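J.: Quick note, the sequences are listed as chains A and B, same order.
For what it's worth, the numbering used here labels the leading residue of the first sequence as 104, then goes sequentially.
For what it's worth, the numbering used here labels the leading residue of the second sequence as 102, then goes sequentially.
Where hints are given, some of them may not hold.
Said to hold, decoys possible - DSS-like mimics (lysine-lysine), calculated; alpha carbons at most 25 Å apart, straight line:
id, chain 1, residue 1, chain 2, residue 2
1, B, Lys463, A, Lys222
2, A, Lys378, A, Lys300
3, A, Lys220, B, Lys473
4, B, Lys426, A, Lys222
5, B, Lys436, A, Lys222
6, B, Lys162, B, Lys116
7, B, Lys192, A, Lys220
8, A, Lys319, B, Lys181
9, B, Lys324, B, Lys380
10, B, Lys192, A, Lys318
11, B, Lys194, A, Lys313
12, B, Lys294, A, Lys285
13, A, Lys319, B, Lys300
14, B, Lys192, A, Lys313
15, A, Lys313, B, Lys181
16, B, Lys473, A, Lys311
17, A, Lys319, B, Lys426
18, B, Lys217, A, Lys220
19, B, Lys356, B, Lys324
20, A, Lys318, A, Lys378
21, A, Lys311, B, Lys181
22, B, Lys463, A, Lys220
23, A, Lys276, A, Lys266
24, B, Lys217, B, Lys300
25, A, Lys220, B, Lys324
26, B, Lys294, A, Lys313
27, B, Lys324, A, Lys319
28, A, Lys222, B, Lys192
29, B, Lys356, B, Lys253
30, A, Lys285, B, Lys495
31, B, Lys493, A, Lys285
32, B, Lys194, B, Lys150
33, B, Lys324, A, Lys318
34, B, Lys150, B, Lys103
35, B, Lys332, B, Lys216
36, A, Lys319, A, Lys330
Hints were generated in silico from the structure; no laboratory data involved.
Model, not experiment: these values are computed from the prediction.
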Amino acid sequence: MNEITLYSVISLGSIGTLAAVILYFVAQKFKVIEDPRIDLVEEKLPGANCGGCGLAGCRALAEAIVKAESLDGFSCPPGGNAAMQDIAKVLGLVAQESDPMIAVVRCNGSRENSPPKVKYEGAMTCQFAHSLFSGEGGCPFGCLGYGDCVVACAFDAMYMDEKTGLPVILDDKCVACGACVKACPRNIIEMRKKGKKDRRIFVSCINKEKGGPAKKNCAVACIGCGKCVKECKFDAIVLENNLAYIDFNKCTLCRKCVIVCPTNAIHELNFPPRKVKTEEGTPAEA
Amino acid sequence: MKTFTIGGVHPPENKLSKDAAIVALEIPKSVSIPISQHLGVPAVPIVEKGAKVKTGQLIAKGEAFISANIHSSVSGTVSKIDEVIDTSGYKRKAVIIDVEGDEWEAEIDRTADLKKECNLTPEEIIKKVNEKGIVGMGGATFPSHVKLIVPKGKKAEVLIINGVECEPYLTSDHRVMLERAEEMLVGISIQMKALGVEKAIIGIENNKPDAIEHVKKIAANYKGITVEALKVKYPQGGEKQLIKALINREVPSGKLPIEVGAVVHNVGTALAVYEAVQKNKPLIERVVTVTGVNVAKPSNFMVRIGTPVSALLEAAGGVPENTGKVVNGGPMMGKALNNLEAPVTKGTSGILLFPQVASSRKPLHNCIRCGKCITVCCMGLEPYFLAVLAEKNKVEDCESNRIMDCIECGSCLYICPSGRPLLDNMRVGKSKVGQLMRSRASN
């Protein structure tokens, strides 16, 4: 072994040892003590980082839960009750059951119901079109149909229906993270209770104009006639600014309002087909 | 010949209606006068349904500092105060008046005599301009009295009069300079008095040699007013571009022209100021160009505010069969009309009809990083980059890359070989940055 090798080994070895000692003390000094439970909680979360909980991501939610030592006010929309129960087990807390939610598109102004009157050629984003004009169909409240919500969805739970020009939400994929609600410049999409057996009833219109002007642009607009309000025995429907709104916490899914609506603005989803009652005197459709 | 230094494009000029003298358009049967025709706070209506109004009567009051009064442009009965569909398809509040005859307010001098003398103090002039609802006639409709008040600590050195009319097709300012030059120059001297400046420069692009010669000849009789011919380049009519071209000063980012001692007014505004101060006439009519390659009679009309656009189109020979787009304003900055019944407002400088073949956008391709948009940007911005930032919702990055300096001239969109919606995205970015700045200011 020649001298150069020897010196190299000794000098590098001693530098290494010295550095190791310094690093040891530095590590001791600047040690970050993190609650080990944060990692455990994060493991139980879906890891989608969707932001549906209102925090920056799954890690942020885990930190917040561990810091608060309670599950009140926290929820993970994609993980649902199952995830919260798992976390409750890890932390020895009690999680409250929350109703699963789902996004709902409150506009039915399809190309057929609200025929295009003008042609739009600008940037194909709802954001810009909204600032520019009222929409091809003319309704200043309705869906513009350029799909900002679909772009925002991180779960492939939405697509634009080619025929109607409206977004469609897939029940089994939507995790209610709320990204589409934020993306829509017209606040058409609402987070509603998923309902028993996924059954939902909602007013598929947000037009606040009076009946005449609303109907002029769209055949299925809510005209604010108030028939549904009178029909509802549970005070679940309120009429405000010429627009009916169904409170999903009060609604019992009886479907009576759907029948009375003269413009078919109230939608029912995932219900079995109605039985045709002939003996009670309902006029049979000729 | 002078011009601005950074960027600019040369769209085909197509000044089809430049030889058509201004014709007064017939008063329509009913007018709808929007209560917000200016930048700033909407005016508050002071007439009730069923009220009888005379031409020139105040019908809505601009109560805030940045706001403008609205006057009736016709005489008749207020049939309703309701929301009407405006050029964008959204509803805006307007006063709708059914026309009966044409009876003017008594104080308005309707004679054509030129009144040169003006003995009012600057304060009285500004008050009168405010009362008569004068706003910038170039298109941005900024209330004129605000521009005539020099903020404390600042000094106005020169009044710049914008006779550039760099938008292709439009000729309303051109006709004003040819037909109403004398009145306009009195208006300019009144504005000079209000601002306390000794010097005024009228900038006119070189494609209007008749106007340059005519105004030069008359301006020789007025002290301190000079006419400057400018090289033709879009967007020379932009405030900041015109200041750079005429007095070679650059307005700092985010600041107003008064920062460099300049105040810019349009020729149409100068005429309106003359009429308001000397003749007591409020801003109730304006010159509107109706033009397009297939239009039967490209014309310049003197139109009462509130007249539906369809009446103008009819007077110009109707809408040609193959029309694809009707634009409110010029081809570069104008916006396509959503409905032809929308009323003419104080900011309507022209109505342009595009045939179907010319109205579509270029097919959309990916950005090829050619940098043409940067070359033509008159504010020295990077439109391709800002458009991407705005699209991706990077609001703070948009702000730090000076998106608010964009004057929305549309040069980038015009030049882009890939048909990218650059300005569209930048407008979204600008509105988001504006929101951010407002929320910061309110905190």
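J.: If a hint holds in the structure, say so; if it does not, say that too.
T.: Okay, the hints, checked on the actual structure:
no.: 1; hint: Lys463/B <-> Lys222/A; result: holds (15 Å)
no.: 2; hint: Lys378/A <-> Lys300/A; result: holds (19 Å)
no.: 3; hint: Lys220/A <-> Lys473/B; result: violated (35 Å)
no.: 4; hint: Lys426/B <-> Lys222/A; result: holds (9 Å)
no.: 5; hint: Lys436/B <-> Lys222/A; result: holds (13 Å)
no.: 6; hint: Lys162/B <-> Lys116/B; result: violated (37 Å)
no.: 7; hint: Lys192/B <-> Lys220/A; result: holds (16 Å)
no.: 8; hint: Lys319/A <-> Lys181/B; result: holds (20 Å)
no.: 9; hint: Lys324/B <-> Lys380/B; result: holds (22 Å)
no.: 10; hint: Lys192/B <-> Lys318/A; result: holds (15 Å)
no.: 11; hint: Lys194/B <-> Lys313/A; result: holds (15 Å)
no.: 12; hint: Lys294/B <-> Lys285/A; result: violated (52 Å)
no.: 13; hint: Lys319/A <-> Lys300/B; result: violated (56 Å)
no.: 14; hint: Lys192/B <-> Lys313/A; result: holds (13 Å)
no.: 15; hint: Lys313/A <-> Lys181/B; result: holds (16 Å)
no.: 16; hint: Lys473/B <-> Lys311/A; result: violated (45 Å)
no.: 17; hint: Lys319/A <-> Lys426/B; result: holds (23 Å)
no.: 18; hint: Lys217/B <-> Lys220/A; result: violated (51 Å)
no.: 19; hint: Lys356/B <-> Lys324/B; result: violated (30 Å)
no.: 20; hint: Lys318/A <-> Lys378/A; result: violated (30 Å)
no.: 21; hint: Lys311/A <-> Lys181/B; result: holds (20 Å)
no.: 22; hint: Lys463/B <-> Lys220/A; result: holds (22 Å)
no.: 23; hint: Lys276/A <-> Lys266/A; result: holds (22 Å)
no.: 24; hint: Lys217/B <-> Lys300/B; result: holds (18 Å)
no.: 25; hint: Lys220/A <-> Lys324/B; result: violated (55 Å)
no.: 26; hint: Lys294/B <-> Lys313/A; result: violated (51 Å)
no.: 27; hint: Lys324/B <-> Lys319/A; result: violated (59 Å)
no.: 28; hint: Lys222/A <-> Lys192/B; result: holds (19 Å)
no.: 29; hint: Lys356/B <-> Lys253/B; result: holds (15 Å)
no.: 30; hint: Lys285/A <-> Lys495/B; result: holds (16 Å)
no.: 31; hint: Lys493/B <-> Lys285/A; result: holds (14 Å)
no.: 32; hint: Lys194/B <-> Lys150/B; result: holds (14 Å)
no.: 33; hint: Lys324/B <-> Lys318/A; result: violated (62 Å)
no.: 34; hint: Lys150/B <-> Lys103/B; result: violated (53 Å)
no.: 35; hint: Lys332/B <-> Lys216/B; result: violated (34 Å)
no.: 36; hint: Lys319/A <-> Lys330/A; result: holds (20 Å)
Violation of the numbered hints given earlier is confined to hints 3, 6, 12, 13, 16, 18, 19, 20, 25, 26, 27, 33, 34, 35; the remaining hints are satisfied by the structure.
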